[in-house]
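Q: Next come the chains, spelled out residue by residue.
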Amino acid sequence: MNIRNARTIFAVTLVFVMLAAAVGCSPQPTAPAAVEQPQAQAPTPTEAPAPTPKEKITVQFPTYMAGTNVGKPWFDKMLAECNAKYGDEINIVVEELPSDDAYMQKMKVLLASKDVPDIIDGKNGLFDLAVKSGLAVDLMPYVNEDPEWKAALSDGAIAANSRDGKLYSASLAKDLIGYYYNKEMFDKAGIKPAQTWDEFFSNMDKLVAAGYTPISLMTGENSWTTNLVLASIVGTNGEAGNKFMNTIHPMNYSTPEMIDGLAKIQLMLQKYTTKDAIGAKYADAVNNFYNGTTAMVANGPWMIGDLTNPDKVPAGFIDKVGYSAFPGQGGTGIVTTFREGLMVLSKDKEHADAAVKVVKCFSGLDAQKANLEMLGIAPLSNKVEISDQFKKDNPLVAELFTAAAGAKWIYKIFDMIDYSNVTPVYGQDYALLAYGQMTPEEMAADLTKAAEKNK
Amino acid sequence: MKIAGLVFGGLKNLFVIILIGLSTLPIIWLFISSFKTNAQILDSAFSLPTSLNLQNYANAFKLAPITKFYLNSVMVAVFGTIINLTIMGMAAYVLARYTFRGKNLLLVMFTLPLLIPASALLHPLYITMSRIGLYDRLLGLELVYAGLGMTVTLYILRSYFLTIPRELEEAAALDGAGFIRTFTAVILPIARPGFATAAVLQFLLCWNEFQFAFILTTSENKRTLPIAISYFTSAFSANYGAMFAATIVIIIPSILIYFLLQEQVISGMVAGSVKG
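Listed in order, the protein sequences are those of chains A and B. Residue numbering for the first sequence follows my numbering, beginning at 1 and increasing consecutively. Residue numbering for the second sequence follows my numbering, beginning at 1001 and increasing consecutively.
Hints were generated in silico from the structure; no laboratory data involved. Beta carbons are placed, not taken as given, at the ideal position from N, Cα and C, and that holds for glycine. Where hints are given, some of them may not hold.
What the hints assert, rightly or not - Taking lysine-lysine and the DSS-like style, the derived pairs with C-alpha atoms no more than 25 Å apart in a straight line are:
no., chain 1, residue 1, chain 2, residue 2
1, B, Lys1068, A, Lys77
2, A, Lys72, A, Lys54
3, A, Lys357, A, Lys123
4, A, Lys271, A, Lys281
5, A, Lys77, B, Lys1002
6, A, Lys455, A, Lys132
7, A, Lys72, B, Lys1062
8, B, Lys1103, A, Lys72
Said to hold, decoys possible - Selected chain A positions facing chain B (in silico; Cβ < 10 Å):
no., residue
9, Gln60
10, Asp284
11, Asn291
12, Thr293
13, Pro310
Please put together the full structure from these sequences, using the hints given.
A: Written as structure tokens, this is what we have:
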């Protein structure tokens, strides 16, 4: 056999392998993952021929609300309603990207390649990336055309999601965040939710004396529960602290309020929290509260569902839990944010118009009401009616709303105000802070250094 | 002398026991934890389950489309391995047996992919796959995995081919066998352990890879098993029990494949270390 024949056989073998693989994995036209369109009814012979249906616009909509995500039931409900409303004209193709990190990672790759879906969630820095890339569609003209939607989004959410007069994202809900406390432990320690931070620390001493670990903190992931407490210490520390916690992308963290806040967190990490706080993840932090190890945990209303889940808490646990605003200077404080929501990145007007309709489904009054009823998340608009019966059935949500109504200070969370490269610094430095290998001043300088990289 | 021998023997056994422990304890822990509730796992990581809770396994299949992903993973792993072994088997044979201009340069080029971090390949591969219509296709994943495992397969097979005496090929040539017949009828059967070793490593790469599978697919119909694991954790919720149950289900094929081919794999690994 000569070389030429050998080459031919080699080439044929390769082609065969490729074909086998291609046939074996034959691409079927993919049915949209979560969308089922109603079948059009066939006309009877006596009926006049129906007009040719307009071709549907396909809207790509990746979501992290999949798997165990607490928002999945709400997302599925809204999707079903949107399909019922626009199923004849829009084909919503949902890509489930379970886990927030994986969602972020994929969106970053898509944004970098400018090959983006029609709708994305602007969370965790994606908002800035999308705006910076020039791909984000300005929603302001759409909002101005639809006064009902504008009212539903509320002025606060529109302002929070606008840059230079352009609205780049529609918030899905208002985050009101205080802290949960174990009423039984508080009673045994003879304390009530504190009104000032001095009282808060005095309460923690009393809880320790009563044999309890006062608070669940964590330094893993994005240091969520710890950073909520830090944000509250800073955000309720007079006008300067509150201004800092309402500033998007602060550059200087070496302020007296931040240094004071970090000193307080250092003390909490050293004296008032669990041994596993360093490196602990969200699941560990909340579980320490669920199993009665700690008396307090800072978190949002989405945790309320867990408080009746027999897989997570003992029966009747929810009756032992209260909800409070954070203490503060001259009055209480509560985290209030209009987090970045859905952004439209469509490349042409036809798709953008369709995508906006879908975004309306997820951010309108009905969606906000469903978010409240299913997850206890506060609506953006005060037009969403919260009935007395709902408050009676959901006492913790009612406590949250009462706490929010009486709060003197409102402020954002670090995840929202920080540049995305600042977030990992907290987790690294909290550990050093806890072990006394770093001072609050040094940590503040470290945060400043990270922020300055964005200059 | 006898005491020294006993001490040495004891230390050797201790070392082996530690190695076995390091290899098997995580899997045993995973298996035991897959029967615990979420609260039990978080309360005490090393406690035994209070009951044989099979609900986690049911939840694993309920929360994530594991069956569909399983089939996809089998397809990708099998075809990704076949493509890789077919192409690299031929390349390795030529590079082991023939001398030609640019051979060393070719070898260096085959080695280069090892120096490129996978994350640096994400963006260019995404663009390439999108442009050539292989985005969200199992074939796209198979080709990517075949490429990713290229260097390892080449070096395993080349080392193995080098241990085969040239006399066998010369005898085949005397009997009238050409290049292809020599390769398929003489070399391939002898090199089976080498192919088994490369196949196991390539299969595991295809079976376990997450990043490319996640970025290069978009629909549920084209996703593979590693992605299923991410269905069980999210920012404010996690179901560790179901995740561990799913992990057990997912790792079974890898363990089986290695168990079935372990003798061939070991002989294949060792063969490369001694040049005949």
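Q: Indicate, hint by hint, whether the structure satisfies it.
A: Hints, one by one, checked against the model:
In summary, the hint linking Lys1068 of chain B to Lys77 of chain A is supported, as the alpha carbons are separated by about 24 Å, within the 25 Å threshold. Straight-line distance between C-alpha atoms of Lys72 of chain A and Lys54 of chain A comes to about 31 Å, which puts the hinted pair past the 25 Å bound. Straight-line distance between C-alpha atoms of Lys357 of chain A and Lys123 of chain A comes to about 20 Å, which keeps the hinted pair within the 25 Å bound. As the CA atoms of Lys271 of chain A and Lys281 of chain A are separated by approximately 19 Å, the hinted pair is consistent with the 25 Å bound.
In summary, the hint linking Lys77 of chain A to Lys1002 of chain B is not supported, as the alpha carbons are separated by about 76 Å, beyond the 25 Å threshold. Between Lys455 of chain A and Lys132 of chain A the alpha-carbon distance is near 14 Å, which keeps this suggested pair within the 25 Å criterion. With a C-alpha separation of about 14 Å, the suggested pairing of Lys72 of chain A with Lys1062 of chain B holds against the 25 Å cut-off. Taking the CA atoms of Lys1103 of chain B and Lys72 of chain A, the gap is near 55 Å; set against the 25 Å cutoff, the hint is violated.
A distance limit of 10 Å between C-beta atoms decides the matter here; for Gln60 of chain A the minimum to chain B is near 8 Å, and the interface restraint holds. Satisfaction of the interface hint for Asp284 of chain A is found here, the shortest Cβ-Cβ separation to chain B being roughly 6 Å, below the 10 Å cut-off. At about 6 Å, the closest approach between the beta carbon of Asn291 of chain A and any beta carbon in chain B falls short of 10 Å, and the interface hint on this residue holds. Taking 10 Å as the C-beta cut-off, the interface hint given for Thr293 of chain A holds, the closest approach to chain B being about 9 Å.
The beta carbon of Pro310 of chain A is positioned within 10 Å of a beta carbon in chain B (closest approach about 9 Å), and the interface hint is therefore held.
Checked against the numbered hints given earlier, the structure breaks hints 2, 5 and 8 and satisfies all the rest.
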